[in-house]
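**Q** Residues per chain are reported as follows:
Number of protein chains: 2
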Amino acid sequence: MPAKLIDGKKIADMYLTEVRDYIKTHGIMPKIVTILVGDDPASHTYVDIKQKTCQKIGIDVEIHRPVQDKDSILQLIQKLNNDSSVNGILVQLPLPPGINEEDIISRIDESKDVDGLHPMNIGRLAYGDESMPACTAFGIIKILENENIELEGSNVVILGRGIHVGKPLYSMLVNRNATVTLCHSKTRNLSAITKNADIIIVAIGKSGYLTGDMIKEGSVLIDVGINKVNGELKGDIDFDSVKNKASLITPVPGGVGPMTVAMLAKNTLSAYIRQHSND
Amino acid sequence: MPAKLIDGKKIADMYLTEVRDYIKTHGIMPKIVTILVGDDPASHTYVDIKQKTCQKIGIDVEIHRPVQDKDSILQLIQKLNNDSSVNGILVQLPLPPGINEEDIISRIDESKDVDGLHPMNIGRLAYGDESMPACTAFGIIKILENENIELEGSNVVILGRGIHVGKPLYSMLVNRNATVTLCHSKTRNLSAITKNADIIIVAIGKSGYLTGDMIKEGSVLIDVGINKVNGELKGDIDFDSVKNKASLITPVPGGVGPMTVAMLAKNTLSAYIRQHSND
Numbered sequence: 001m002p003a004k005l006i007d008g009k010k011i012a013d014m015y016l017t018e019v020r021d022y023i024k025t026h027g028i029m030p031k032i033v034t035i036l037v038g039d040d041p042a043s044h045t046y047v048d049i050k051q052k053t054c055q056k057i058g059i060d061v062e063i064h065r066p067v068q069d070k071d072s073i074l075q076l077i078q079k080l081n082n083d084s085s086v087n088g089i090l091v092q093l094p095l096p097p098g099i100n101e102e103d104i105i106s107r108i109d110e111s112k113d114v115d116g117l118h119p120m121n122i123g124r125l126a127y128g129d130e131s132m133p134a135c136t137a138f139g140i141i142k143i144l145e146n147e148n149i150e151l152e153g154s155n156v157v158i159l160g161r162g163i164h165v166g167k168p169l170y171s172m173l174v175n176r177n178a179t180v181t182l183c184h185s186k187t188r189n190l191s192a193i194t195k196n197a198d199i200i201i202v203a204i205g206k207s208g209y210l211t212g213d214m215i216k217e218g219s220v221l222i223d224v225g226i227n228k229v230n231g232e233l234k235g236d237i238d239f240d241s242v243k244n245k246a247s248l249i250t251p252v253p254g255g256v257g258p259m260t261v262a263m264l265a266k267n268t269l270s271a272y273i274r275q276h277s278n279d
Numbered sequence: 001m002p003a004k005l006i007d008g009k010k011i012a013d014m015y016l017t018e019v020r021d022y023i024k025t026h027g028i029m030p031k032i033v034t035i036l037v038g039d040d041p042a043s044h045t046y047v048d049i050k051q052k053t054c055q056k057i058g059i060d061v062e063i064h065r066p067v068q069d070k071d072s073i074l075q076l077i078q079k080l081n082n083d084s085s086v087n088g089i090l091v092q093l094p095l096p097p098g099i100n101e102e103d104i105i106s107r108i109d110e111s112k113d114v115d116g117l118h119p120m121n122i123g124r125l126a127y128g129d130e131s132m133p134a135c136t137a138f139g140i141i142k143i144l145e146n147e148n149i150e151l152e153g154s155n156v157v158i159l160g161r162g163i164h165v166g167k168p169l170y171s172m173l174v175n176r177n178a179t180v181t182l183c184h185s186k187t188r189n190l191s192a193i194t195k196n197a198d199i200i201i202v203a204i205g206k207s208g209y210l211t212g213d214m215i216k217e218g219s220v221l222i223d224v225g226i227n228k229v230n231g232e233l234k235g236d237i238d239f240d241s242v243k244n245k246a247s248l249i250t251p252v253p254g255g256v257g258p259m260t261v262a263m264l265a266k267n268t269l270s271a272y273i274r275q276h277s278n279d
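Quick note, the sequences are listed as chains A and B, same order. Note that our numbering has the first sequence beginning at 1, numbered continuously upward. Note that our numbering has the second sequence beginning at 1, numbered continuously upward.
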């Protein structure tokens, strides 16, 4: 039986509608400032998608482009931290070489860290506190929950240990009683590990890396990869070889991608509400 | 061939001597304040051991016992945060029921968090920043490094997802390129997972839980358990059934325990040095 395709766009729209309705009902306008440094074309595309989607549901989005220099970025962050009209601050990663990401991200006011990548917000996950969860990781959790995938006691394997997905997702899955294995480029005998997984999340940025012979029958596959191959977007999973073996797959595009933006909107609204809780 | 016993006390003494020599040479006296709430007998023992060991190497240790009430604890923390003569603040866990540990720990000035349990310091580990690592987890890393155990590419299984060991250790092992699986009470088929592990760390607080039939030949076993059984201290590993199958084991007592205190001393000195870096 062919795997069911998970419609990430549909799930994302559900959350976006929730945020839009809240904004409309309460007559508010939460505001995000995106800091874009450098000329990475993919970053430009993502910033663009986030802006369009957020604006459509009533979130104001400003894009700032400071010069490529640590002090200028930190000065801008300081200014935005102190500006009470700004509810969320987002630094688009990756930063150009030579600028340490932790140094920059950790200077954002953690209550405005709508990307959920501030070390404080990453650390909170380990305490089971998901008040500002990393967007993509949170989006994956929401997909799994919406599809009623059992997490408690499941063997989950994550490929890729980045700060956007692997690291925060591992905490969120442990919070939901999954048994989690984090694999990466130095992992030996990867197939032996993935073949025992009930759920596999692939976030390594290598087109078609996970193939049908690496998975067990009926597994749930979440594809976080976005790779441009001959002008086409391809995931990290080799769709053709897994489609008759897996039970569920997120497609690329239309799977995890839309969820990231929806969770950004959700985090922004949460940040706004918390910042105004004493009004 | 019987497993080699790792002498945690000997490794710990090496680090304690390093800290003592630095303190002596520089004529300084770093100071820790321990906050002890409630009447847990094990907590009293740990606080006592930490105090004696630290004092012996020239660290001043004060123990404060606020009333069992969140506001009183937070007031005390605030006072200690503002007291520049205090370099380290340590809240002995567990706290009595009804007092949320994250709420308390996250109010310690993170630069004085010598236990390494502040969400900010837990989150930093995910960025590869181990400037204030959780003491017990760090102690385990130091044991493995001192015994020249290869971590890169190794399959490491952690049993137990507590904030002292499982969660921070997971990040530190991933930082060293190990493939890490975190298991806990909801894990299914635990034996199938532990049998594939090169290294197993057990931190669940159940005497003799890990038995010889659950491990593979030659594995490295780290026992974090301290259980009182008929007046004797016992670890989480069933020593008799693993001793001829494992290659290395940390004994209880005398394995991980002394390392926790040594890493506390090391963190305290690091905190002191950073706090005085502009003198």
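Treat the hints as calculated values from the structure; they're not laboratory data. As the structure is a prediction and not an experimental result, all values here were calculated from the model. Each hint should be verified, as a subset may be incorrect.
It does not matter which identical chain is used: a pair holds within one copy or between any two.
Said to hold, decoys possible - With a cut-off of at most 27 Å between alpha-carbon atoms, the simulated DSSO-like pairs for lysine-lysine come out as follows:
1) 195 <-> 216
2) 142 <-> 186
3) 4 <-> 31
4) 243 <-> 31
5) 186 <-> 216
6) 31 <-> 9
7) 234 <-> 70
**Q** Next step is simple, just say for each hint if it's right about the structure.
**A** Results of checking the hints against the structure:
In this homomeric assembly, residue 195 and residue 216 come within 27 Å of each other (Cα to Cα) both inside a single copy, at 5 Å, and across copies, at 20 Å. Taking the shortest Cα distances, residue 142 and residue 186 sit within 27 Å of each other only across copies (21 Å), while inside one copy they are farther apart (29 Å). Taking the shortest alpha-carbon separations for residue 4 and residue 31, neither the intra-copy value of 37 Å nor the inter-copy value of 60 Å comes in at or below 27 Å. Taking the shortest alpha-carbon separations for residue 243 and residue 31, neither the intra-copy value of 41 Å nor the inter-copy value of 61 Å comes in at or below 27 Å.
When the C-alpha separation of residue 186 and residue 216 is checked against a cutoff of 27 Å, the pair qualifies both within a copy, at 22 Å, and between copies, at 21 Å. In the homo-oligomer, the alpha carbons of residue 31 and residue 9 lie at most 27 Å apart inside one protomer (23 Å), although the nearest pairing across protomers, at 55 Å, exceeds that limit. Taking the shortest Cα distances, residue 234 and residue 70 never come within 27 Å of each other, neither inside one copy (34 Å) nor across copies (52 Å).
Hints 3, 4 and 7, counting from the list given before, are not met by this structure.
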